[in-house]
Structures are given as structure tokens and as C-alpha cells.
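A.B. asks: Sequence:
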Amino acid sequence: MLYCRIIKMKDFKCKGCGRCCKELKLEIMEIDLIREPKLRAIAIEIPCESDNPFEQSYILPNPCPFQHNGKCVIYGTRPNICVAFSDKCLADN
315 MLYCRIIKMK DFKCKGCGRC CKELKLEIME IDLIREPKLR AIAIEIPCES DNPFEQSYIL
375 PNPCPFQHNG KCVIYGTRPN ICVAFSDKCL ADN
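FYI, the numbering for the sequence shown is 315 to 407, going by our numbering.
Treat the hints with care, as some may be off.
Claimed, not checked - Using 30 Å as the maximum straight-line C-alpha spacing, the simulated BS3-like pairs for lysine-lysine come out as follows:
{"#": "1", "residue 1": "385", "residue 2": "336"}
{"#": "2", "residue 1": "336", "residue 2": "352"}
{"#": "3", "residue 1": "352", "residue 2": "339"}
{"#": "4", "residue 1": "352", "residue 2": "385"}
{"#": "5", "residue 1": "339", "residue 2": "385"}
If you are wondering where the hints come from, they were derived from the structure by calculation, not from laboratory data.
Please work from the sequences and hints to get the whole structure.
C.D. replies: As C-alpha cells, then:
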């Protein structure tokens, strides 16, 4: 299973293949849970030593339960990591 923090690449064009939703355990942040409350029910908390709740991070299970028929059903409020996704992570592993 792949795990990564993903960095946005300027020239990346999503092909809509959905591999990121099916194969990666993606790290999300508290701000993502605030923007999309449905994520809180499935997010797995990563232990954090900080008292700042905005430094808390979580892992999304895979395959992502919000992907249906190749489409993201929370597309408008998807986590920042999904917005910034680059296929470089998959290509390199």
C-alpha cells in the first residue's frame, strides 16, 4: 500500500483515472474535516504531540468511500491533498 504527502505540480493534468482514490492512503488535515464534516466519520487520527488542533493530521482509508462510479461525490469540498494531487507519487512507486 502506498502512502504519501502529495505536492502540487504546475503542469499536472488529472486524467480522472481514480488511482489516487483507490490505491493511496492520503493524509488530510483538520481544516479538511471542518470543510467536509463527512470525512470525520472515516478519518483515522495520526498521533500528534501538538496542542494546536490545526496541526492534527489524519489518514483516509482506501479505497476512498466517496468515490462512486469513478466520480468524487464530495468534489466541491474534497480534502486539500486531493486538490493538489499529482500522479508523480504513483509514477515513482
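A.B. asks: Failing hints, ascending?
C.D. replies: none
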